[in-house]
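S.K.: The chain contents come next:
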Amino acid sequence: MGQIVARDNKPLAAAAAEAPQQYLTFTLNAEIFAIGILHIKEIIEYGSLTEIPMMPAFIRGVINLRGAVVPVIDLSARFGGRQTEIARRTCIVIVELVQTVEDGELRQDIGIMVDSVNEVLEIPATDVEPPPAFGSRIRTDFIRAMGKVEGRFVIILDLDRVLSVEEMAQLGATADASAPATDNAG
Amino acid sequence: MDEITTVFVTESREQLAAMEAALLELENSPGDSDTLNAIFRSAHTIKGGAGVVECDFIVAFTHVVENALDKLRNGEIAVDGDLVAVLLACSDHINALLDVLESGMPAPAADLQADGNALLDRLQRGWLSGEGKQSDDSTPPATSDGTVESSGGGVVETDCWHISLRFGQDVLRQGMDPLSFLRYLTSLGTIVRLETLADAMPAADDMDPEACYLGFEIHFASSADKAAIERVFDFVRDECTLHILPPRSRLADYVALIKALPEDPMRLGEILVRVGALTQAELDVGLAAQQATEAAATEETAAPPLGEILVEQQVVQPELVEAAVVKQKQVGEKKAAEARLIRIQADKLDALIDLVGELVIAGAGVNLLAARSGLAELTEATSVMSRLVESIRDSALQLRMVQIGETFNRFNRVVRDVSKELGKDIELVVSGAETELDKSVVEKIGDPLMHLVRNAIDHGIEPAEARAAAGKPERGRLSLNACHDSGSIVIEVADDGGGLNREKIARKAMERGLVPAGHTLSDQEVYNLIFEPGFSTADKVSNLSGRGVGMDVVKRNIQSLRGRVEVDSQPGEGTRFTIRLPLTLAIIDGFLVGAGSAGYVVPLDMVVECLELPPQAGDSHYLNLRGEVLPFIRLRDLFEIRGEQPVRENVVVVKAAGQKAGIVVDELLGEFQTVIKPLGHLFRNLRGIGGSTILGSGEVALILDVQALIHLAAHRDEPNAILNRS
Chain A
1 MGQIVARDNK PLAAAAAEAP QQYLTFTLNA EIFAIGILHI KEIIEYGSLT EIPMMPAFIR
61 GVINLRGAVV PVIDLSARFG GRQTEIARRT CIVIVELVQT VEDGELRQDI GIMVDSVNEV
121 LEIPATDVEP PPAFGSRIRT DFIRAMGKVE GRFVIILDLD RVLSVEEMAQ LGATADASAP
181 ATDNAG
Chain B
1 MDEITTVFVT ESREQLAAME AALLELENSP GDSDTLNAIF RSAHTIKGGA GVVECDFIVA
61 FTHVVENALD KLRNGEIAVD GDLVAVLLAC SDHINALLDV LESGMPAPAA DLQADGNALL
121 DRLQRGWLSG EGKQSDDSTP PATSDGTVES SGGGVVETDC WHISLRFGQD VLRQGMDPLS
181 FLRYLTSLGT IVRLETLADA MPAADDMDPE ACYLGFEIHF ASSADKAAIE RVFDFVRDEC
241 TLHILPPRSR LADYVALIKA LPEDPMRLGE ILVRVGALTQ AELDVGLAAQ QATEAAATEE
301 TAAPPLGEIL VEQQVVQPEL VEAAVVKQKQ VGEKKAAEAR LIRIQADKLD ALIDLVGELV
361 IAGAGVNLLA ARSGLAELTE ATSVMSRLVE SIRDSALQLR MVQIGETFNR FNRVVRDVSK
421 ELGKDIELVV SGAETELDKS VVEKIGDPLM HLVRNAIDHG IEPAEARAAA GKPERGRLSL
481 NACHDSGSIV IEVADDGGGL NREKIARKAM ERGLVPAGHT LSDQEVYNLI FEPGFSTADK
541 VSNLSGRGVG MDVVKRNIQS LRGRVEVDSQ PGEGTRFTIR LPLTLAIIDG FLVGAGSAGY
601 VVPLDMVVEC LELPPQAGDS HYLNLRGEVL PFIRLRDLFE IRGEQPVREN VVVVKAAGQK
661 AGIVVDELLG EFQTVIKPLG HLFRNLRGIG GSTILGSGEV ALILDVQALI HLAAHRDEPN
721 AILNRS
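Keeping their order, the protein sequence lines are chains A and B. In this text, residue positions in the first sequence follow full-length UniProt numbering: the first is 1, and each later residue adds one. In this text, residue positions in the second sequence follow full-length UniProt numbering: the first is 1, and each later residue adds one.
Derived by calculation from the structure, the hints in this document are not laboratory data. For clarity, every value in this text was computed on a predicted model and none was experimentally measured. Each hint should be verified, as a subset may be incorrect.
Covered by chain A, according to a simulated footprint, are these stretches of chain B (three or more residues, beta-carbon under 8 Å) [what the hints assert, rightly or not]: (1) 354 to 365; (2) 633 to 642; (3) 699 to 707.
Below, a sample of chain A positions facing chain B; criterion: calculated Cβ distance under 10 Å [what the hints assert, rightly or not]: (4) P53; (5) V117; (6) V120.
Using N, Cα and C, we set each Cβ at its ideal position, and we do this for glycine too.
When you get a sec, could you build the whole thing from the sequences and use the hints?
M.R.: Shown next as structure tokens:
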């Protein structure tokens, strides 16, 4: 895990100079995204999920992963779209993240819901471009880089940003506070 | 450190804790003989144990303390605050000595030793002296006796050790020179006088020139301890008879020595007088007393024979002799206690608990399948099995759980000491002492709690005059409370003092640049500033604490336990620190209910009763419960659960914080023991849900935080009020 952290913390330029990295590509609303495979613990079929009430739509709920309770994030909703519809190929990708939150370092497994997973591929550093300043459908800070694959661009996600526990918890609190039936958001 | 010593240190710490608690109790109810006995027993056990592990400095110190306790027990001296204070200090000192032993040092450092001497001196002068035979000088612990009333006469006034040495005949043949031992002995001290005994020498014809017939009586001045002196003779240990009497041994011991040696008693006595160990008068008294004791042979319980044996075998120092009988009993008791205690590695326990957790989930799965199969016999068999599995889980989880009461009780002492030092009158109210939490958490929570308690005493609670002026009772009140709050343990440290000074904190924060000027903060935000590193509003910093100093450490410590600390304060009414710690291992008895497709668990101890929702309840938010108005909340509404509302709904009547309320759910699914799994950081702002648990089916069920739910429901209709509050 230390290795992963070290790699993630490196500036993009340094990372780009390194050997080609492997990425998992997946489809979400007919668009292809990629994430570095070093984050990924496992991929499971969408199964019984327990919804958590009073949470923003992008937090789908929690699942039981061999005795551990793991939150599941609906990426589509997180990107501001509608909730993912469950289909035959819907998967949950379990990623492990180490994040700095107010209480210090936090290691957490998070599941992300995707329409389908495609493949693991290598993208040479030369084919990795910095993210566009605007023009993409998702928040630019969610994009780590753009990877060129067979003439198409895939969005390489910055999972630390996308799945920022701190930010999501804050959003949860705001959603909570805006609802009439709540208290003590502060 | 060997195993026996480790056990001794651990047990002695426990004894000390018990002793301290009893001493504090004694202060409140002086003269309670049970308490006195308990204190005495603790001290005695420690001394006995120290004898077993041959830790002389603890034996010596504890011995004097025990004497004082003995007098106390016998009513010769009365309990007062000063004595309790000294005894408490003594118990601290013993603890410090245990540290020394634990660290493997042969003797306490000079300053610690000096502290000990000072304490003993206080004990001697204040309470022990003036009791007849005792010497009133303060004797250093290593050689301290002088207070024991012996069976065979008074104390022999000499500062020197007495060593009786008889070399075996084979010593020379084995290539050892008796003189070299004596020479080596001088490296430990000085031989004041030495008498050579040639009594064993046979007539010239029978004498074997290669045999050693010599014996020595040595008067030896040294600051070394007995073990060190004994070590001098280690090489010839098997080949010689060695008797060592510490300085100020009792006359009886000398008498015992005389009797133990092969030479004629009168002749030996003369030699002892000659080497200066005894005076003639002492010898006479001793021998006379000895004869008297022998005459009254019937009543000799702790009389010479026993002493002789112990001295001879060098099991204990002679001071211990008179306590020997009691001690033997104690050792026996301790052995029994050891047998009941098994110390095992925490990892092994964790592995077991993990396995049991899996077993429970697997077992629940089997149950479910059995119930579906409809085979009565299978169902019966699995239900028996699941009951057993549950018992196993309970026992496994209990292994790691300890009550927090022990930790809380430590603060009795802190509150007493600190409040005395500050001249405040403060009572400590402890509640929820039986709340259990994981041992590792208990160990780590002590320091942060200590900080909060000290802070509360020093800065939270005002001096008596200020309290009186504010119309509050002069006696300050500090409360420690613990309770389980689904998924967490909550520990509260609350005082009824002046509260935090909001303005001052805000001002300091601005000065220090923690908050941009002109920025408005909520009360909560302001109060939380005290957890910033180095933040203090105290005008003067006392030696105890400066409110704010170290609060960042408290916060960090608690965070390292994955917990949180919050502070709430009402000006003039007090401050309350709430520490919330996750309790991953906690089990609660839960009541499983269903709403929509999901299962929810209500902590069973909050459930009062269950009933069917009367159809006439309609859309109102209250119902008539046997004439009582019972407000209720619909879980479906509150959690915005989609799906068809069932025809029949049920109400779970819960009670939290003295308030009764109903929770309307679809189904009642029954009692269920659950292992609480915290939901994690992502859901930390979620109110109304305290945690989660995994059902037999593998699904995750949410544990309701009833108190928060009621709160949510109560304030649902008045959102503005809440906004103003928070």
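S.K.: Each hint needs a verdict: does it hold in this structure or not?
M.R.: So, going through the hints one by one against the coordinates:
1. 354 to 365: holds (count 3)
2. 633 to 642: Coverage by chain A holds for the segment 633 to 642 of chain B (4 residues, Cβ < 8 Å).
3. 699 to 707: holds (count 4)
4. P53: Status holds, d = 3 Å.
5. V117: violated (23 Å)
6. V120: violated (27 Å)
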